[in-house]
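Colleague: Residues per chain, in single letters:
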Amino acid sequence: MAIERDVVGGVLVVRLGGELDHHAVETLRDEIEQSLEETRCRGLVLSFQGIDFMDSSGLGLILGRYRSVSARGGKMALCKVNPNLRKIFELSGIYKIVPVLDDELSALRMVKEA
Amino acid sequence: MEYVGHSVLQKNYMYLSFPSRSENESLARVAVAAFATALDPTLEQLTELKTAVSEAVTNAIIHGYEGQEGEVRLRCAIEGGAVEVVVEDDGVGIADLEQARQPMYTSRPELERSGMGLTIMENFVDALWIDSVPGQGTCVRMRKVIQPDPVSQ
Ligand SMILES: Nc1ncnc2c1ncn2[C@@H]1O[C@H](COP(=O)(O)OP(=O)(O)O)[C@@H](O)[C@H]1O
Ligand SMILES: [Mg+2]
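Protein chains in written order, with the numbering used here: chain V, 1 to 114; chain B, 115 to 267.
A couple of the hints might just be wrong.
Quick partial rundown of chain B residues pointing at chain V, CB under 7 Å, derived from the structure [to be verified]:
#1 Glu137
#2 Glu139
#3 Leu141
#4 Gln159
#5 Thr161
#6 Thr165
#7 Thr172
#8 Arg187
#9 Glu226
#10 Gly231
#11 Asp240
Label pairs and their in silico Cβ distance ranges [as the list claims (entries may be wrong)]:
#12 V/Glu37 / B/Arg135: 46 to 52 Å
#13 V/Ser70 / B/Gln213: 25 to 31 Å
#14 V/Leu105 / B/Gly194: 46 to 52 Å
#15 V/Asp52 / B/Trp243: 26 to 32 Å
#16 B/Pro248 / V/Glu113: 48 to 54 Å
Bear in mind the hints are in silico, worked out from the structure with no lab data behind them. Keep in mind the model is a prediction, meaning the values are calculated, not measured. No residue lacks a Cβ here, since even glycine has one placed at the ideal position from N, Cα and C.
Using the sequences plus the hints, can you model the full thing?
Modeller: The structure is reproduced here in structure tokens:
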């Protein structure tokens, strides 16, 4: 599981890569939480550009981060969701909870404006 | 002996057993995807099949064996234009199947489960059967049509 972290204008950007299943999510969750602590960022953008497979464990990861970011009074957005993942996103109703944008810039803007 | 492709495909099957370790989740779905390739699935069909298998195997590992060591058994068969997958564990079983099948229901919210696994399976395959005996284990059987049968005359 490849992961790239960046702080852009006070927002933590995490670019995910590989396959987002239960195995990968276990460590990813801790890594993202740790980065949120260290950077003291309140906003979070998750980029799915490098994700070619995701199951409901990925949904758990998204909802879990949404909860922890919201608890800190911050905002969160997702971007670069492959057509491959669209069906699972739609089924989950995640579009109604977390904004999903086309690219990183729009996602950053969304998180900052909010 | 000489076989024509299709008659061989109708009888093809595969068994795989592995310990309930999370790294085997990808092994299981990749194995099923490779097996189903014989039916020439679209990328979308393959993604759906892999996702459904991943859900069933993950459930066996997290819920069935509750993170303890156990054996997960995977069986696949091709029947006509469809692939059948069975995922079986000897874990704790499911006491209330109706509740388990509710979208967003999870017995392990503290593990950040979304409760969408069974809903995803139902939506990504054509038929889903679950047999479970509390204290004995769970057997999930799914069937996905890859190449619909030509309409008979
Ligand atoms: N193989 C299994 N063994 C025992 N319980 C299971 C199994 N599969 C599913 N369950 C039960 O069904 C519930 C719903 O499963 P699912 O929809 O995959 O959601 P999640 O895995 O996110 O909890 C689980 O929380 C669990 O209680
Ligand atoms: Mg599940």
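Colleague: Against each hint, give a clear statement of whether it holds in the structure.
Modeller: Results of checking the hints against the structure:
The restraint placing B/Glu137 at the interface with chain V holds, with a minimum CB-CB distance near 5 Å, inside the 7 Å limit. The interface hint given for B/Glu139 is met, as the beta carbon of that residue sits about 5 Å from the closest beta carbon of chain V, less than 7 Å. Restraint check, B/Leu141 versus chain V: the minimum CB separation of about 10 Å is more than 7 Å; hint violated. Using the Cβ-Cβ criterion of 7 Å, the hint placing B/Gln159 at the interface with chain V is not satisfied: the shortest such distance is roughly 11 Å.
Of the supplied interface hints, the one on B/Thr161 holds, with its beta-carbon coming within about 5 Å of a beta-carbon of chain V, less than 7 Å. For the restraint placing B/Thr165 at the interface with chain V, the shortest Cβ-Cβ distance is roughly 5 Å, inside the 7 Å limit, so the hint holds. Interface restraint check: B/Thr172 against chain V, minimum CB-CB distance 5 Å, threshold 7 Å, status holds. Hint on B/Arg187 is violated. Least Cβ distance to chain V is approximately 18 Å, over the 7 Å limit.
With 7 Å as the threshold, the beta carbon of B/Glu226 comes within range of chain V, its nearest partner Cβ sitting at about 4 Å, so the hint holds. With its C-beta approaching chain V no nearer than about 5 Å, B/Gly231 sits inside the 7 Å limit, and its interface hint holds. Annotation: B/Asp240 was flagged as interfacial toward chain V, and the flag is violated, the nearest CB pair being 15 Å apart, outside 7 Å. Here the CB-CB span from V/Glu37 to B/Arg135 is close to 29 Å, at odds with the stated 46 to 52 Å.
The hinted window of 25 to 31 Å between V/Ser70 and B/Gln213 holds, with their beta carbons roughly 28 Å apart. At roughly 49 Å, the beta carbons of V/Leu105 and B/Gly194 sit within the given window of 46 to 52 Å. Restraint check, V/Asp52 to B/Trp243: a C-beta distance of roughly 29 Å satisfies the suggested window 26 to 32 Å. A C-beta distance of roughly 51 Å is found between B/Pro248 and V/Glu113, which places it inside the suggested range of 48 to 54 Å.
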